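Chains as they are written, first to last, in full-length UniProt numbering: chain Y, 1 to 323; chain P, 1 to 323; chain W, 1 to 323; chain U, 1 to 323.
Some clues are possibly wrong.
No distinction is drawn between identical chains; accordingly, a pair holds when it is met within one copy or between any pair of copies.
Said to hold, decoys possible - Result set (SDA-like, lysine to any residue): computed pairs, CA atoms no more than 25 Å apart in a straight line:
| no. | residue 1 | residue 2 |
| --- | --- | --- |
| 1 | Lys91 | Lys308 |
| 2 | Lys91 | Glu80 |
| 3 | Lys2 | Asn285 |
| 4 | Lys84 | Tyr132 |
| 5 | Lys2 | Gly117 |
| 6 | Lys91 | Asp313 |
| 7 | Lys307 | Asn229 |
| 8 | Lys283 | Gln312 |
| 9 | Lys307 | Tyr29 |
| 10 | Lys284 | Arg247 |
| 11 | Lys284 | Arg163 |
| 12 | Lys214 | Asp135 |
| 13 | Lys307 | Leu241 |
| 14 | Lys306 | Ile291 |
| 15 | Lys284 | Pro193 |
| 16 | Lys284 | Ser208 |
| 17 | Lys84 | Ser54 |
| 18 | Lys84 | Arg172 |
| 19 | Lys84 | Asp173 |
| 20 | Lys283 | Gln110 |
| 21 | Lys308 | Ile67 |
| 22 | Lys308 | Gln88 |
| 23 | Lys308 | Asp135 |
| 24 | Lys284 | Lys306 |
| 25 | Lys214 | Met1 |
| 26 | Lys284 | Ile246 |
| 27 | Lys79 | Arg201 |
| 28 | Lys307 | His92 |
| 29 | Lys51 | Thr305 |
| 30 | Lys79 | Pro319 |
No lab work stands behind these hints: they were computed from the structure. All values reported here derive from a predicted model rather than from experimental measurement.
There are 4 protein chains.
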Amino acid sequence: MKNIAVFTSGGDAPGMNACIRAVVRAGIYYGLNVYGIVRGYAGMISGDIRKLESHSVSNIIQRGGTILKSARCEEFKTKEGRAKAYEQIRKHEIDGLVAIGGNGTFTGAQIFYEEYGIPTVGAPGTIDNDLYGTDYTIGFDTAVNTALDAIDKIRDTADSHDRVFFIEVMGRDSGYIALRSGIGGGAELVMIPERPNSIERVIETLRSGKFNSKTSSIVIVAEGEQIGNANSVAHQVRQELSELDIRVTTLGHIQRGGSPTALDRIIASRMGVAAVEGLLEGKKNVMAGIINNEIIYTPFIDTITKKKPLLQDLLRMLPILRI
Amino acid sequence: MKNIAVFTSGGDAPGMNACIRAVVRAGIYYGLNVYGIVRGYAGMISGDIRKLESHSVSNIIQRGGTILKSARCEEFKTKEGRAKAYEQIRKHEIDGLVAIGGNGTFTGAQIFYEEYGIPTVGAPGTIDNDLYGTDYTIGFDTAVNTALDAIDKIRDTADSHDRVFFIEVMGRDSGYIALRSGIGGGAELVMIPERPNSIERVIETLRSGKFNSKTSSIVIVAEGEQIGNANSVAHQVRQELSELDIRVTTLGHIQRGGSPTALDRIIASRMGVAAVEGLLEGKKNVMAGIINNEIIYTPFIDTITKKKPLLQDLLRMLPILRI
Amino acid sequence: MKNIAVFTSGGDAPGMNACIRAVVRAGIYYGLNVYGIVRGYAGMISGDIRKLESHSVSNIIQRGGTILKSARCEEFKTKEGRAKAYEQIRKHEIDGLVAIGGNGTFTGAQIFYEEYGIPTVGAPGTIDNDLYGTDYTIGFDTAVNTALDAIDKIRDTADSHDRVFFIEVMGRDSGYIALRSGIGGGAELVMIPERPNSIERVIETLRSGKFNSKTSSIVIVAEGEQIGNANSVAHQVRQELSELDIRVTTLGHIQRGGSPTALDRIIASRMGVAAVEGLLEGKKNVMAGIINNEIIYTPFIDTITKKKPLLQDLLRMLPILRI
Amino acid sequence: MKNIAVFTSGGDAPGMNACIRAVVRAGIYYGLNVYGIVRGYAGMISGDIRKLESHSVSNIIQRGGTILKSARCEEFKTKEGRAKAYEQIRKHEIDGLVAIGGNGTFTGAQIFYEEYGIPTVGAPGTIDNDLYGTDYTIGFDTAVNTALDAIDKIRDTADSHDRVFFIEVMGRDSGYIALRSGIGGGAELVMIPERPNSIERVIETLRSGKFNSKTSSIVIVAEGEQIGNANSVAHQVRQELSELDIRVTTLGHIQRGGSPTALDRIIASRMGVAAVEGLLEGKKNVMAGIINNEIIYTPFIDTITKKKPLLQDLLRMLPILRI
C-alpha cells in the first residue's frame with residue numbers, strides 16, 4: 001500500500017477534523033501518501049482530490065465541521081457514478097480509503113469494494129451514537145454537551161418563571177443524545193424512540209411533580225419520538241394540565257457544530273490511527289470502533305444490520321433521580 | 001428612608017442576580033434594611049416578602065435567572081390588586097422600591113406611586129435592549145453572546161455542507177440582538193423589524209453571494225421581522241432559489257439563560273447601586289440607566305413613550321462586510 | 001438500614017454535587033432518611049449534620065464544587081477524633097455512609113468501620129483519575145476539558161507569535177490529565193510522572209519540530225513530572241535552544257472548578273445511586289466505580305494499594321500525531 | 001489611493017482577525033487592492049506581503065490570534081530597517097497602511113510617515129485597554145470574560161474549601177482587566193497599579209471579611225501591582241493571617257486567546273472599516289477608536305502621551321459590593 005485517501009460523508013460531526021488529522025499523520029508516519037477527497041463520494045466522482053501534508057492538518061484538531069466538507073451524493077448509488085469514482089481513484093493510484101461517516105457511507109464503500117476491490121476502513125462519524133460496533137461515535141459527546149449547555153440555560157429561565165419546558169434534541173432513530181443530556185440536565189422525563197411512551201404517563205409524571213411542589217420541570221424529547229415531536233407532545237399535555245406554564249424549544253443544528261470535547265478529539269484520533277493501521281494490515285469493509293476502551297474492527301455488515309442496545313443503567317435511573 | 005424592597009418582573013434576564021446583589025449590598029452599606037419580593041407584583045400582593053442579608057446574595061453574581069423569580073401579574077393591573085400590595089408594603093414598613101424589569105414593570109410602579117406614594121427607582125432588565133434611557137439593558141450582552149455562540153456552531157455545519165441557514169433570534173419589536181449577533185457572526189443579511197425588508201432584496205443578496213462563489217451563508221431574522229418569521233422567509237426564498245440547500249434554526253429560550261457576561265454583571269452592579277442611591281436622594285419614577293458610561297436617571301414616562309434609535313453605524317456596515 | 005449520611009472529602013471535584021444529588025434521591029427512593037455531613041470528617045466530629053430532602057438537591061447537578069464542602073481533618077486520624085465522630089453518628093442513628101472522595105477518605109472510612117462497624121460505600125471523587133477500580137473518577141473529564149480549553153486559547157497566541165509553550169497541568173502522581181489534554185490539544189510532547197523523560201529527548205523533539213518548520217509548539221507537563229515542573233523544564237530547554245521563543249503557563253486551580261461535563265454528571269449520578277444500592281445490599285469498605293460501562297464495587301484495600309495503568313494506546317499515539 | 005496594506009503588531013489580541021476582515025472587505029468595497037503584511041514590521045522589511053481577497057478572510061471573524069501573525073521587530077527601530085521596509089512598500093505600490101496594535105506600533109508608523117510619507121491609520125489592538133482615545137481596545141472584553149470565567153471556576157473550589165484566593169490577571173501598567181474582572185467576579189479586593197495599596201489595607205479587609213463570617217474570598221491582583229505580584233502579596237498576608245487557607249493562581253496567557261466576544265468582534269469591525277475610510281479621507285497618524293459609541297480619530301501623539309483615566313464609578317463600588 002502506497003497511497004490512501006480520506007473523506008467525510010453524511011452529516012458532519014465535531015471531531016471529524018481530529019480524525020482527518022490522525023489519518024493524515026498516521027499515514028505519513030507509516031510512509032504513505034495521503035490524499036483528501038472533498039465532499040465525500042461527490043468529490044470522488046468529480047475528482048476533487050488533493051494531497052495532504054502534515055501541515056495541511058495543523059491547527060484543525062479543535063475545529064468543528066470538516067475541512068474536507070461533506071455532501072449527499074445520489075450519483076454514487078448508480079453503477080455509472082461508481083465507475084467515474086473508480087476512474088479518479090485509479091488516476092491518483094489510491095490503494096485504500098478511510099471513510100469517516102455512518103451506515104450510508106459504509107454501504108457505499110462495501111459496494112465499491114465488491115465492484116473495484118478498493119478496500120475501505122471506516123471511522124464512525126455521527127453525533128447520534130447509533131452505530132453498532134463502538135461505545136462512542138465521533139461527535140456524540142460534543143453534541144450531548146452542547147445540548148446540556150442549552151438545557152442548563154433553559155433551566156435558569158424555567159426556574160425563574162416556574163415553567164415546564166419541552167426540549168427537543170437530535171436523534172431521529174436513537175435516544176442516545178436525549179438520554180444522556182436528560183440525565184445530565186436533571187430532566188424529569190426523557191422521551192425516546194426506543195421505548196414506548198404514552199401521553200398519559202407524561203401527564204401523570206408532571207402532575208405528580210406539581211403535587212410534590214416542584215415549580216419547574218424539563219422534559220427531553222428525541223426528534224424521533226413516536227407519539228410526536230416536542231411541539232405536539234406539549235400541545236397534548238397542555239389540554240390536560242392547563243395550570244402549567246408550558247414552553248417548547250427545539251435545539252436544532254447547534255448540536256452539530258462547535259469545538260469538539262476532549263473525549264471526541266481523543267476517540268477520533270485513536271480511530272483515525274486505527275483506520276490507517278487496519279488498512280496496512282489488510283483489513284477491509286470494517287469500522288474501527290472503540291469498545292471498552294479498546295479498538296475493535298467490526299464488519300460493515302454488522303454495523304449496518306445490528307442494533308446497538310441502549311444503556312439500561314441510564315434508563316432505570318430516571319425515576320430514581322426525579323423523585 | 002429605612003426599609004427598601006427589590007423585585008424582578010417581566011421576562012428574566014442574565015445579570016438580574018448581579019443587580020439584586022448590588023441593591024442588597026448598597027442598601028446595607030447605606031444603613032437600610034433590604035427586603036426581597038418574590039415573583040414581582042404577584043409576591044407583593046400575596047406578601048411573599050423576605051428580609052435579605054449580605055450573605056443572602058453571596059455567590060449569585062454568576063448565575064442566570066433571578067433568585068427572586070419573576071411572574072406576570074394581572075391582578076396588579078386592578079385597583080384591588082394594588083390595594084392588597086400596598087397593604088403588604090405598609091405591613092413591612094417599606095419606604096422605597098427597586099424594580100428590575102421593563103416598561104410593563106415601570107408602568108405598574110408609576111401608577112402605584114400615584115396611588116400610594118411609594119417611590120420606585122427602576123433598573124432596565126430585559127435581554128431585548130429596547131429601553132430608551134440606557135445604552136445597554138441588563139442581559140442584552142449575554143443574550144447576544146449566546147446567540148453568537150450558536151451562530152458559530154451553525155456556521156461549522158453550514159460550511160461543511162455548503163448550506164444557507166436562516167437563524168431566528170429573539171426581539172419581538174427590536175432588532176438589537178439580531179443586529180449585533182449578525183455583525184458578530186459574519187451574517188450576510190440581518191432582517192429586523194425596524195427596517196423594511198423585501199423578499200426580493202433577500203433573494204437578490206443570496207443570489208449574488210452564490211454568484212461570488214460563497215458556499216455558505218447565514219441570514220439572521222429577528223422574531224418580530226415584518227415579512228415573516230425565519231421559517232416563512234426561508235420558505236419564500238426556497239421557491240426562487242431552489243438550487244440552495246436552505247435550513248432554518250430558531251434559537252429560542254436559550255437566549256434568556258446562562259451565566260451573565262462581564263459587561264452584564266458590571267452594568268447590573270452599577271445600576272443596582274445607582275438605584276439605591278437614587279432612592280436615597282429622593283428620586284422616584286425614574287430608571288437608572290447608563291449612557292456613555294455614566295449613570296443617567298430617565299423618567300419612566302420617557303422610557304415608556306420614547307423609542308431608542310438603532311445604531312446606524314452597525315446597519316451601514318452590513319453591505320460592506322458581506323462583500 | 002434506615003438512615004444514611006453522605007459527605008465529600010479531600011480535594012473538591014466537578015460532579016460531586018451531581019453525586020450528592022443522586023445519593024439523596026436514591027436514598028429517598030428506597031425509603032431511607034438521608035443526612036448531609038458538612039466538611040467531611042471535620043463535620044462528622046463537630047456534628048455539622050443536616051437532613052437533606054429531595055428539594056435540597058434541586059438545581060445543583062450543574063454546579064461545580066460541593067454544597068457539602070470539603071476539608072482536611074487531622075483529628076479524624078486520631079482515636080479520640082473518631083470516637084467523637086461516632087458519637088455524632090450514633091446520635092443521628094446513622095446506619096451507613098456514602099463517602100465521595102479519594103484514597104485518604106477511604107482509608108479513614110475503613111478504620112472507622114473496623115472500630116465502630118459503620119459501613120461505608122465510596123464514590124471516586126477526584127480530578128486526577130488515579131484511582132484503581134474505575135475507568136473514570138468524578139471530575140476528571142471536566143478537568144481535562146478545562147485544561148483543553150486553556151490549551152486551545154494558548155495555541156491561538158502561540159501560533160500568532162511562533163512560540164513554544166510549556167503548560168503545566170494538574171496531576172501530582174498521575175499523568176492522566178496531561179495525557180488526555182495533551183492528545184486532545186495537539187501537543188508535541190506530554191511529560192508525565194509515570195514515564196521517564198529526559199531533557200535530551202525534549203530538546204531533540206523540539207529541535208526536529210523546528211526543523212520540520214513547525215512555527216509553534218505546545219508541551220504539556222504534569223505537576224508531578226520528575227525532571228521538574230514546567231518552569232524548570234523550560235529553563236533547561238532555553239539553555240540549549242535559545243532560538244526558540246519559550247513561554248510557560250501553569251493552569252492551576254481553574255482545573256478544579258466549573259460546571260461538570262455530561263460525562264461527569266452521568267457517572268457521578270450512576271455512582272451515587274450505586275453507592276446507596278450497595279449499602280442496602282450490605283456492602284461495606286468498597287468503592288462504586290465504573291469499568292467498561294458497568295458498575296463494579298472494588299474493595300478499598302485494592303483502590304488504595306493497586307496502581308491503575310495508563311492507557312498505552314494514548315501514549316503510543318504521541319509520536320504518530322506530532323509528525 | 002489604490003493599494004493599502006494591513007498588519008498586526010505587538011501582543012496579539014482576540015478580535016484582530018475580525019478587524020483584518022473588516023479592513024480587507026472595506027478596502028474591496030471602496031475599490032482598493034488590499035495586501036496583508038505577515039508578522040508586522042518584520043514582514044514589511046522582509047517583504048512577506050500577500051494580496052488578500054474577500055474569501056481570504058472568510059470564516060475568521062470567530063478566531064482568536066491573528067492570521068497575519070505578529071512579531072517584535074528591533075530592526076524597524078533603525079533607519080536601515082525602515083529603508084528596507086519602504087523598499088517593499090514601494091515595490092507593492094502601497095499608498096496607505098492600517099496598523100492594528102498598540103503604542104509601540106503607532107510610534108513606528110509615525111516615524112515611517114515622517115521619513116517616507118506613507119500614511120497610517122491605526123486600530124487599537126491590545127487586551128490591556130490602556131490606550132487613550134478609545135473606550136475599548138480590541139481584545140479587552142474577551143480578556144475580561146476569560147479572566148471572569150477562570151474566577152468563577154476558582155470560586156467553586158474556594159467556596160468548597162473555605163479558602164482565600166489571590167488571582168493574578170494581566171495588565172502590566174493598567175488595572176482595567178483587574179478592575180472589571182474583579183467587579184464581575186465578586187472579588188473582595190482588586191489591587192491595581194494606578195492606585196496605591198498597602199499590605200495593611202489588604203490584611204484589614206480580609207480580617208474584617210473573616211469577622212463577618214465570609215468563608216471564602218477572592219483578591220484580584222494586576223500584574224503590575226506595585227507592592228508585588230500575587231505570590232508576593234499572598235506571602236506577606238500569610239505572615240499576618242495564618243488562620244486563613246490562602247492559595248495563589250496566575251492566569252497567564254489564556255487571557256490572550258480564545259474566540260472573541262460579540263463586543264470585540266463588533267468594535268474590531270467598526271474600527272477596521274473606519275481605518276480604511278480614514279485613509280480614503282486623507283487621514284494619517286491617527287487611531288480609529290470608539291468613544292461613547294462613536295468613531296473618533298485620535299492623533300498617535302495623544303494615544304502615546306496621554307493617560308486614560310480609570311472608571312472611577314467602578315473603583316468606588318468595591319467597598320459597597322463587598323459588604
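Verification of the supplied hints:
1. Taking CA atoms no more than 25 Å apart as the test, lysine 91 paired with lysine 308 passes in neither setting, with 39 Å inside one copy and 50 Å between copies.
2. Taking the shortest alpha-carbon separations for lysine 91 and glutamate 80, only the intra-copy value of 17 Å comes in at or below 25 Å, while the best inter-copy value is 53 Å.
3. Only within a single protomer do lysine 2 and asparagine 285 lie at most 25 Å apart by alpha-carbon distance; the minimum there is 19 Å, versus 56 Å between protomers.
4. Proximity of lysine 84 and tyrosine 132 under a CA criterion of 25 Å is satisfied in neither setting, with 31 Å inside one chain copy and 54 Å between copies.
5. In the homo-oligomer, the alpha carbons of lysine 2 and glycine 117 lie at most 25 Å apart inside one protomer (15 Å), although the nearest pairing across protomers, at 57 Å, exceeds that limit.
6. Taking the shortest Cα distances, lysine 91 and aspartate 313 never come within 25 Å of each other, neither inside one copy (51 Å) nor across copies (35 Å).
7. For the identical chains of this complex, lysine 307 and asparagine 229 are intra-copy neighbours only, at 23 Å inside a copy versus 39 Å across copies, given an alpha-carbon limit of 25 Å.
8. Taking the shortest alpha-carbon separations for lysine 283 and glutamine 312, only the inter-copy value of 23 Å comes in at or below 25 Å, while the best intra-copy value is 33 Å.
9. Within a single copy, lysine 307 and tyrosine 29 get their C-alpha atoms no closer than 35 Å, and across copies no closer than 32 Å, so neither meets the 25 Å cut-off.
10. Taking the closest pair of Cα atoms, lysine 284 and arginine 247 never come within 25 Å of each other, the shortest separation being 49 Å inside a single copy and 36 Å across copies.
11. In this assembly of identical chains, lysine 284 and arginine 163 lie within 25 Å of each other by CA distance neither inside one copy nor across copies; the values are 53 Å within and 33 Å between.
12. In this assembly of identical chains, the alpha carbons of lysine 214 and aspartate 135 never lie at most 25 Å apart, being 35 Å within a copy and 35 Å across copies at closest.
13. In this assembly of identical chains, lysine 307 and leucine 241 lie within 25 Å of each other by CA distance neither inside one copy nor across copies; the values are 37 Å within and 39 Å between.
14. Both within a single protomer and between protomers do lysine 306 and isoleucine 291 lie at most 25 Å apart by alpha-carbon distance, with minima of 15 Å and 24 Å respectively.
15. For the homomeric pair lysine 284 and proline 193, neither the shortest alpha-carbon distance inside one copy (32 Å) nor that between copies (39 Å) is at most 25 Å.
16. In this homomeric assembly, lysine 284 and serine 208 never come within 25 Å of each other (Cα to Cα): the closest approach is 54 Å inside a single copy and 35 Å across copies.
17. Taking the shortest Cα distances, lysine 84 and serine 54 never come within 25 Å of each other, neither inside one copy (29 Å) nor across copies (34 Å).
18. In this assembly of identical chains, lysine 84 and arginine 172 lie within 25 Å of each other by CA distance neither inside one copy nor across copies; the values are 33 Å within and 52 Å between.
19. Taking the shortest Cα distances, lysine 84 and aspartate 173 never come within 25 Å of each other, neither inside one copy (33 Å) nor across copies (54 Å).
20. Proximity of lysine 283 and glutamine 110 under a CA criterion of 25 Å is satisfied intra-copy only: 12 Å inside one chain copy versus 51 Å between copies.
21. Taking the closest pair of Cα atoms, lysine 308 and isoleucine 67 never come within 25 Å of each other, the shortest separation being 29 Å inside a single copy and 37 Å across copies.
22. Taking identical chains as interchangeable, the C-alpha atoms of lysine 308 and glutamine 88 are never at most 25 Å apart, the minima being 35 Å within one chain and 49 Å between chains.
23. Proximity of lysine 308 to aspartate 135 under the C-alpha cut-off of 25 Å is found in both arrangements, the shortest distances being 9 Å within a copy and 22 Å between copies.
24. For the identical chains of this complex, lysine 284 and lysine 306 are intra-copy neighbours only, at 19 Å inside a copy versus 40 Å across copies, given an alpha-carbon limit of 25 Å.
25. Taking the shortest Cα distances, lysine 214 and methionine 1 never come within 25 Å of each other, neither inside one copy (63 Å) nor across copies (28 Å).
26. For the homomeric pair lysine 284 and isoleucine 246, neither the shortest alpha-carbon distance inside one copy (51 Å) nor that between copies (36 Å) is at most 25 Å.
27. Taking identical chains as interchangeable, the C-alpha atoms of lysine 79 and arginine 201 are never at most 25 Å apart, the minima being 50 Å within one chain and 43 Å between chains.
28. Taking identical chains as interchangeable, the C-alpha atoms of lysine 307 and histidine 92 are never at most 25 Å apart, the minima being 37 Å within one chain and 50 Å between chains.
29. Within a single copy, lysine 51 and threonine 305 get their C-alpha atoms no closer than 34 Å, and across copies no closer than 51 Å, so neither meets the 25 Å cut-off.
30. Proximity of lysine 79 and proline 319 under a CA criterion of 25 Å is satisfied in neither setting, with 52 Å inside one chain copy and 42 Å between copies.
Checked against the numbered hints given earlier, the structure breaks hints 1, 4, 6, 9, 10, 11, 12, 13, 15, 16, 17, 18, 19, 21, 22, 25, 26, 27, 28, 29, 30 and satisfies all the rest.
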